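> Protein sequences, first through last, are from chains U and H. Counted the way my numbering counts, the first sequence spans residues 294 to 399. Counted the way my numbering counts, the second sequence spans residues 139 to 558.
Derived from the structure by calculation, the hints contain no laboratory data. All figures in this text were calculated on a predicted structure; none of them were measured in a lab. Any given hint could be a false lead.
What the hints assert, rightly or not - Using 25 Å as the maximum straight-line C-alpha spacing, the simulated DSS-like pairs for lysine-lysine come out as follows:
1. U:LYS362 to U:LYS315
2. H:LYS548 to U:LYS362
3. H:LYS202 to U:LYS353
4. H:LYS195 to U:LYS353
5. U:LYS315 to H:LYS217
6. H:LYS475 to U:LYS315
7. H:LYS548 to H:LYS475
8. U:LYS315 to H:LYS548
9. U:LYS362 to H:LYS202
10. H:LYS217 to U:LYS362
11. H:LYS202 to U:LYS315
12. H:LYS195 to H:LYS475
13. H:LYS527 to U:LYS315
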Amino acid sequence: MGRMTFIEHDGTRHEVEIEADKSLMQHAADNMVPGIDADCGGECACGTCHVIVDEQWFGKTGAINSNEKQMLEMTPEGAPTSRLACQIEVTDALDGLVVHLPEFQM
Amino acid sequence: MSHSPSQSDENQVCVIIGASHAAAQLATSLRQQGWSGPIRMIGDEGGLPYQRPPLSKAFLCGEKDADSLIIRPSAFYEKHEIEFIPGRVTAIDRVAKTLTLADGSEQHYDKLALCTGTRVIRLPIQGANLGGVHYLRTLADVEGIRRELPDSGRVVIIGGGYIGLETAASLRKQGIDVVVLEMAERVLQRVTAPEVSAFYQRMHSEAGVTIETGTMVAAFEGEERVERVVCADGRFYPADMVIVGIGVRPNSELADAAGLEIDNGIVVDEYCQTQDPDIVAAGDCANQWDPRSGQRRRLESVPNAVEQAKTAAATLCGEKIPQISLPWFWSDQYDLKLQMAGLNQGYDQVVIRGTADSGCSFAAFYFQQGQLIAADCINRAPEFMLAKKLLSQKQTADMTRLADEAIPVKQLMAELTTSS
């Protein structure tokens, strides 16, 4: 089974096992990764599951819809590879994925 | 209250009554904050906590199944030794610190969390018990609706609040004829400005939903199943199904019987504590003191349930952090994403950014005596993020500049960040 790594702003690493048919946000919640608030439970409504994807993985995280894009554009910690974790559908293709968490969620 | 380090005591038992958003978060937060004793969650819906918001949306549309609604899988609760007990609590003995369940069994607690939620208000009219008359709050409710949903035909929805309108949108998308009957003069009257109500009325009309406001329902008629809805003014609407969404009431009877203070829900302070130092309450059932506004507020929303649950867990672990987070809400109908921040009660002025009477994207900013207090943003995520920031920093905004679309939201946000 594949693994993914969340790296907190202070450098703390969290390795989680990939489970099929779950979003990246759900993986963080199920593994109690701190720093992903996910207030809305994955409806792309709150913008509190912001992650910054490692550049080499960004292309594999799927398309960004306009609502997600608009919310990400407003975050002061936004980066070119920013995503909302609830909008990333995890598959085995993301085995090895590394994402960084911002200091603050929006 | 003693500040004994209860979180390190492996013998202390925390029982959570209820198994929805607040309960799921409370159990998780207890473990994150170091509670090492047993945690037991007692739920009367038979299963683990699940996401309620999709019930009137993706789940009703058949785009999500029941398994995908689960907030966290059973493996999570097993791993963190959170025990789920299906059952209904019928009494709390605060002196003996025991709970009695409907099956006669008892549970001991050292700390107790009340996450009892709300229940739907039933329409006490003639024909209310006919087949085909539904309510919408639980997974079982919506499974019932989905089982009986006609392939074609007509559904009459009673109530033009968020639940009624989300349901209307979800059914219309499936090609069903939908009529919404609302008692007030406009939909969403209790919660939004007239401009926002008019906007939703227009969107639903364009989608082919019939909305009748100022309409009082008098009876449901039919042989065994409902066949028509009769209004007080004599009009009637044929119906293959009726869905009633006229609001909810807090489940506070258990707490009331146990002698806790009740006032539109279970009264708690800013730490989510009841007047019993061993009992907290969180979620839709709790009427919480808000030190910022100097008022109590009972909110029916997932973000509020989650925030209160985190606070309540901290309180149980002996760490007191007031719950003063900014209330926010959302509603999805058709391709419209409504994001709301703050509470608009008592507003005296509304500023619209964009156009409410054409198109499908604008923001309404609510002011009270020149101070921004809330915003409704429809397909306007940037404005929502701006409003969240303004409101949580207790800043106001220049009304003329907010309304001026020539000034990008990004610029308004940047000015804010540098001036704060």
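> Work down the list of hints and note, for each, if the structure agrees.
For each hint, the structure was consulted:
A threshold of 25 Å between alpha carbons decides the hint, and for LYS362 (chain U) with LYS315 (chain U) the separation of about 21 Å falls inside it, so the pair holds. Between the alpha carbons of LYS548 (chain H) and LYS362 (chain U) the distance comes to roughly 13 Å, so the proposed pair stays at or under 25 Å and holds. In summary, the hint linking LYS202 (chain H) to LYS353 (chain U) is supported, as the alpha carbons are separated by about 24 Å, within the 25 Å threshold. Taking the CA atoms of LYS195 (chain H) and LYS353 (chain U), the gap is near 28 Å; set against the 25 Å cutoff, the hint is violated.
Between LYS315 (chain U) and LYS217 (chain H) the alpha-carbon distance is near 19 Å, which keeps this suggested pair within the 25 Å criterion. The suggested pairing of LYS475 (chain H) with LYS315 (chain U) holds, with an alpha-carbon distance near 23 Å, which does not exceed 25 Å. Restraint check for LYS548 (chain H) and LYS475 (chain H): the C-alpha separation of about 20 Å stays at or below 25 Å, so the hint holds. Distance restraint check for LYS315 (chain U) and LYS548 (chain H): the Cα-Cα separation of roughly 32 Å exceeds the 25 Å cut-off, and the hinted pair is therefore not satisfied.
Between the alpha carbons of LYS362 (chain U) and LYS202 (chain H) the distance comes to roughly 24 Å, so the proposed pair stays at or under 25 Å and holds. A threshold of 25 Å between alpha carbons decides the hint, and for LYS217 (chain H) with LYS362 (chain U) the separation of about 36 Å lies outside it, so the pair is violated. Annotation: proposed proximity of LYS202 (chain H) to LYS315 (chain U) holds, straight-line Cα distance about 13 Å (limit 25 Å). Straight-line distance between C-alpha atoms of LYS195 (chain H) and LYS475 (chain H) comes to about 12 Å, which keeps the hinted pair within the 25 Å bound.
The straight-line distance between the Cα atoms of LYS527 (chain H) and LYS315 (chain U) is roughly 30 Å, outside the 25 Å bound, and the hint therefore fails.
When the structure is compared with the earlier hints, violations turn up for hints 4, 8, 10, 13 and for no others.
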